[in-house]
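Enquirer: The chain contents come next:
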Amino acid sequence: MPPDVEPSGAVNAAADVEPAVDVEAIAEQVFTALADPTRRAILAVLASAGPATATDLAVRLPITRQAIAKHLALLAEAGLVTAQPAERRRVRYRLCSAPMRVAQQFLAALARDWDSPLDALKEHLDRGA
Amino acid sequence: MGFPDRIERTVELAHPPAAVWAALTTAEGLAAWFGNEATIDLRPGGAARMRWTQEGFAAEMRIERVEEPSVFGFTWPVYGLPDGDPRRTYVEFTLEPTGAGTRLTVTETGFAQLPEDIYRKAFDGNTEGWAKELGELAGYLDAA
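In order, the protein sequence lines correspond to chains A and B. Just so you know, this note's numbering puts 97 at position 97 of the first sequence, and the rest follows in order with no gaps. Just so you know, this note's numbering puts 17 at position 17 of the second sequence, and the rest follows in order with no gaps.
Bound conformation, chain A alone (with noise of 0.2 Å):
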C-alpha cells in the first residue's frame, strides 16, 4: 500500500502535528452548523458572495445584525469562518473551505457505491461465461 494514502500513517504524522485535531470532531462541527437555517443561510452568503461583515450580511439576509454577529461568533469559534479586520474598525469573515473539505470527505465515503459496481461485475462474468 502506497505510504502517501495509508491513513493510519497520514493520521498518525498529522497528529504529531496538532494532537488535539480530529476528523470527527470538525465533519461534526460543520454538520451542527448545517443544521441551523440562519447559520446555513450565512455560510451560504459567505460561500456565494464571499468575506463579509455581520452588517453586510444583515442587509442580504431577514435577520437582524445582533442574531448574524452571535451566529458568526460561534462559527469562528468552531473555526468555519474566520475574522479579520476590516474598514472603520470592522470586522470580515471569511468562509473557512478546510473544514467544509473534511465534511466532504465524510460525505464521499457514504456516497461511495461499491454495492452497484460489484453487482454489475458479477452479471458481466455471468454474461461473458
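Rather than coming from a laboratory, the hints here were simulated on the basis of the structure. Ideal Cβ positions, reconstructed from N, Cα and C, are used throughout, including at glycine. Watch out, some of these pointers could steer you wrong.
Stretch by stretch, here's where chain B covers chain A in the computed footprint (C-beta under 8 Å, at least three residues) [stated by the list, open to error]: (1) 87-94; (2) 99-105.
Now the in silico label distances, taken between C-beta atoms and shown as ranges [claimed, not checked]: (3) B:A47 x A:D119: 22 to 32 Å; (4) B:A47 x A:L107: 38 to 48 Å; (5) A:A49 x B:V11: 26 to 36 Å; (6) B:E67 x A:D119: 24 to 34 Å; (7) A:R127 x B:T98: 56 to 66 Å; (8) B:D41 x A:A111: 47 to 57 Å; (9) B:N36 x A:D126: 14 to 24 Å; (10) B:T98 x A:A35: 23 to 33 Å; (11) A:T64 x B:D41: 55 to 65 Å; (12) B:R43 x A:A35: 44 to 54 Å; (13) A:R40 x B:R43: 27 to 37 Å; (14) B:G139 x A:L61: 27 to 37 Å.
So the derived list for chain B, only partly shown, Cβ under 10 Å to chain A, looks like this [as the list claims (entries may be wrong)]: (15) G2; (16) V66; (17) E68; (18) V78; (19) L81; (20) D83; (21) V106.
Following the hints, position chain B against chain A.
Expert: Just chain B now, with coordinates in the frame of chain A:
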C-alpha cells in the same frame, strides 16, 4: 466508529481469478461493468482513466499494485473535493481462488485523512486566499 475511513466488501464470484483479473485490469473489462469508457496503463505508477458518460463524470486513477492475479490497487481523487486536492483514497482488489470461483474483496481507505491546511491557526491573518490570488492575477495581467 463515526467517521468512516474504510469501506470493505467481499463477493463470491463463480469465475476463476484469471477471468476476474481481466475484468478488473483491462480497458475492455472496466468499461463493461465499472464505467462506460476506460483506458489503463497496467503497471505501478501507470495511469488509468474512467468515464461515466451518463453522469458526465471522469476519474483519473494512479495504479499502485499489480500482482497478477491476486492484488490490484489504485488511488483516485475523493469525490467532491476540488481538483488538485492532494487527498486520494486507495482502492485495493484482492482475489482469492475458491474452488472453481473467486472470493473478491474490495477495500477503499483514506476517507478520514486530514487536509494539511486544517492546522492553520484560525486567526493567523495569513489566509487571504482568493483575494490574494486575484491580486496576483491582476498584477500578472498588468505586467503582461
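Enquirer: All hints, please: hold or fail.
Expert: Going through the hints against the structure:
Here the segment 87-94 of chain A counts 1 residues with a CB under 8 Å from a CB of chain B, which misses the bar of 3, and the coverage is violated. Against chain B, the segment 99-105 of chain A contributes 5 residues with a C-beta closer than 8 Å to a partner C-beta. That satisfies the three-residue criterion, and the hint holds. The hinted window of 22 to 32 Å between A47 (chain B) and D119 (chain A) holds, with their beta carbons roughly 27 Å apart. The hint said 38 to 48 Å for the Cβ distance between A47 (chain B) and L107 (chain A), and at roughly 26 Å that hint is violated.
Distance hint check: the CB atoms of A49 (chain A) and V11 (chain B) are about 47 Å apart, inconsistent with the given range 26 to 36 Å. Between E67 (chain B) and D119 (chain A) the beta carbons are some 25 Å apart, a value that agrees with the proposed interval 24 to 34 Å. The hinted range of 56 to 66 Å is not satisfied by R127 (chain A) and T98 (chain B), whose Cβ atoms lie roughly 21 Å apart. Separation of D41 (chain B) from A111 (chain A) is about 28 Å and departs from the stated range, judged on CB atoms against 47 to 57 Å.
A C-beta distance of roughly 20 Å is found between N36 (chain B) and D126 (chain A), which places it inside the suggested range of 14 to 24 Å. Distance hint for T98 (chain B) and A35 (chain A): a CB-CB separation of about 46 Å, inconsistent with the stated range 23 to 33 Å. At about 59 Å, the CB distance of T64 (chain A) to D41 (chain B) agrees with the hint of 55 to 65 Å. For R43 (chain B) and A35 (chain A), the hinted distance range of 44 to 54 Å is satisfied, since their beta carbons lie about 47 Å from each other.
With their beta carbons about 47 Å apart, R40 (chain A) and R43 (chain B) fall outside the hinted range of 27 to 37 Å. For G139 (chain B) and L61 (chain A), the Cβ-Cβ distance of about 34 Å falls inside the hinted range of 27 to 37 Å, so the restraint holds. At a threshold of 10 Å, the smallest CB-CB gap from G2 (chain B) to chain A is about 5 Å, leaving the interface hint in force. The beta carbon of V66 (chain B) comes no nearer than 13 Å to any beta carbon in chain A, farther than 10 Å, and the hint placing it at the interface is violated.
At a threshold of 10 Å, the smallest CB-CB gap from E68 (chain B) to chain A is about 17 Å, leaving the interface hint violated. Interface hint at V78 (chain B): satisfied, since its Cβ lies 5 Å from the closest Cβ of chain A, which is below the 10 Å cut-off. This hint holds: L81 (chain B) has a C-beta 6 Å from the nearest C-beta of chain A, less than the 10 Å allowed. Restraint check, D83 (chain B) versus chain A: the minimum CB separation of about 13 Å is more than 10 Å; hint violated.
Residue-level restraint check for V106 (chain B) holds (minimum Cβ-Cβ distance to chain A is 6 Å; threshold 10 Å).
When the structure is compared with the earlier hints, violations turn up for hints 1, 4, 5, 7, 8, 10, 13, 16, 17, 20 and for no others.
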